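S.K.: Go by the hints and put chain B onto chain Z.
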Amino acid sequence: MNSNSTFQSALIMLLGVLILQFIPLYGDWGFWRPNFLLLMMVAWMLYFPDQYGIEFAVIMGILADFIFVSTLGFHILIFSICGLILIFFHRIVVYLQLFHRVTLVLLMILLVEFMCLAIDSSLDKQQSIGGILVLAVISALCWIPLDKFVGHCYSRQK
Amino acid sequence: MTLDRYTSVFESTKSNISKAIIPLQLVANFPSKVFDWVGMNATSRTKLEQKNVSLEKERLILLGQLQRSAELAAENLRLRQLLNATELLMQSVLVTEVIGVSPNPVDHTVTVDRGTNDDVFVGQPVLDAEGLMGQVVEVFENYSKVLLITDINHALPVQVQRNGLRSIVEGTSDYNEMSLRFVSPTVDIEQGDKLVSSGLGGRFPMGYPVGSVASIHQRPGEKFMEIKVTPSAKLDRSRHLLLVFTLEDGDVTRDLNE
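Protein sequence lines correspond, in order, to chains Z and B. First residue of the first sequence? That's -13 in our numbering, and the numbers climb one at a time after it. First residue of the second sequence? That's 530 in our numbering, and the numbers climb one at a time after it.
One chain only, chain Z, in its complex shape (with noise of 0.2 Å):
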C-alpha cells in the first residue's frame, strides 16, 4: 500500500466520520457522542506521524471549528496539544497491546475535556463537568474500530 491509498484511506475514514458526527442525535445522546475528528486525528497520527504530522492535527482542528460552530482556534489549539503529545510519544504507544492504548486514548480525551472547559470559562462559556468519564470511555471505545482500520493500513503499508 503506498501513501496515495494511505490518503485514500484517510480521506474515506474523513468521509465517514463526518457522517457519524452528523447524525442527529438529541439530549444526552448528544452529549455523549465521541469527537470523531479526534479519535480520527490520533489514530492516523499514532500509525503514520510522518505523513500526518503536526499539520495534520490543525487542519483536522479548523474542520472541527467549523463543524462545532465553535470559535476559530479552539478546536485548532486543542488538536495541535494533543498532536504534539502524540508525536512525542508515538513510538512508545504504537507497540502497546490494544487495551493498552485504549486506556491512552481514554486519558487524553479527559485532557482534552478538561482543556474544553478550561477554554470555555476563559471565555465566560458555561459548561458542565457532569459526563466526561462517560464520554470518554464512549470514545476510547469507538476508537478501537478507528485504530483496528488505521493498523490495518499500517501493516499493508509495511
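In case anyone wonders, no lab produced these hints; they're calculated from the structure. Values in this document were obtained by computation on a predicted structure and should not be read as measured data. A portion of the hints provided could be inaccurate.
Restraint ranges, calculated between C-beta atoms of paired labels, are given here [unchecked claim]:
no., chain 1, residue 1, chain 2, residue 2, range
1, Z, -2, B, 566, 24 to 30 Å
2, Z, 89, B, 753, 21 to 27 Å
3, Z, 138, B, 571, 34 to 40 Å
4, B, 645, Z, 101, 35 to 41 Å
5, B, 570, Z, -10, 41 to 47 Å
6, Z, 77, B, 540, 40 to 46 Å
7, B, 732, Z, 138, 52 to 58 Å
8, B, 574, Z, 117, 41 to 47 Å
9, B, 564, Z, 82, 36 to 42 Å
All C-beta atoms in this analysis are idealised placements derived from N, C-alpha and C, irrespective of residue type, glycine included.
M.R.: Using the frame of chain Z, we list chain B on its own:
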C-alpha cells in the same frame, strides 16, 4: 480566537463552509429517513385504517374550530380597524422539513429544506404543531439554518397568558428547559402558567405558545426569582416545521375574503 470572538472577519468563510457541510448533513440524515420509511411501510393495513378513522375525526373537529377561528379573526380585524390600530398583521405559513441537526450538543440549531428560493429570510419565525421553535439565522439557496429557542444565545420576549405579565425567556442549552428572566418575587406568576410570545421586539408574532412555567424558586437575597419553563414545541422531535410569513394589511383582507 480573539479575532473571531470580537470581530466578524471570518463570518463569510464560516457561512460558506456551513453551506458546503449541508450535503453531509443530508447523507447523515438518510438512515433516519430510511427507518421512517421502513416503519411506515411495515405498518399493517388495520393500523392504517384505524389511524385514518382517528385522523378523519380529528380533521372534522379542527375544521369546526377553524370556522370559529376565522369568524373571530374577522371580528378582531374589524375591531382593530375601528381602533385605527397599526398592527394589522396576519400570518401565512410554509411547511418545511428538518434535514440536519448541529453536531455540537450545546449549539441548538437545525437545518431546514427551504431557502431564498422559497422567500425565506433571516429572522423569520419558525413553529411546530405545538408552539414556537425558533428563528431563521442563516439562509442559503435551498436551505436555512434555524436557531432554536432553547439555544443559550436565544432570548424571546413573552407574556403570561393569564395576566399579560411581560418577561424574557432564555435558552439554557437544554431541549426541555428554558429560564424566565427578570421576574420580581412580588409579581403574580404560578406554576403551570402558559407563556405566549408578546410580539415585542417585532421579530416574533404575538400570541404563539412558547411554554409553561415548570418551577418557581426564590433564593433569599436575590432580586429576581429563578423560574424554569418547559417549551411547548417538541424541539428535539419535530421533523416538520412551519415558516411564518407575515402578511400586511391588504393581504389580510384578501386572505380573509379567500
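S.K.: All the hints need checking, so say for each whether the structure fits it.
M.R.: Structure-based check of each hint:
Distance hint for residue -2 of chain Z and residue 566 of chain B: a CB-CB separation of about 26 Å, consistent with the stated range 24 to 30 Å. Residue 89 of chain Z and residue 753 of chain B have their C-beta atoms about 47 Å apart, which leaves the hinted 21 to 27 Å range violated. Taking 34 to 40 Å as the suggested C-beta distance range, the pair residue 138 of chain Z and residue 571 of chain B conforms, at roughly 37 Å. Between residue 645 of chain B and residue 101 of chain Z the CB atoms are about 39 Å apart, so this pair conforms to the stated range of 35 to 41 Å.
Distance hint for residue 570 of chain B and residue -10 of chain Z: a CB-CB separation of about 43 Å, consistent with the stated range 41 to 47 Å. Between residue 77 of chain Z and residue 540 of chain B the C-beta distance comes to about 42 Å, which sits within the given range of 40 to 46 Å. For the pair residue 732 of chain B and residue 138 of chain Z, the beta carbons lie near 53 Å from each other, so the given range of 52 to 58 Å is met. At roughly 44 Å, the beta-carbon separation of residue 574 of chain B and residue 117 of chain Z lies within the given 41 to 47 Å, and the hint holds.
Taken as a hint, the range 36 to 42 Å holds for the pair residue 564 of chain B and residue 82 of chain Z, whose Cβ atoms sit roughly 39 Å apart.
Checked against the numbered hints above, the structure violates only hint 2.
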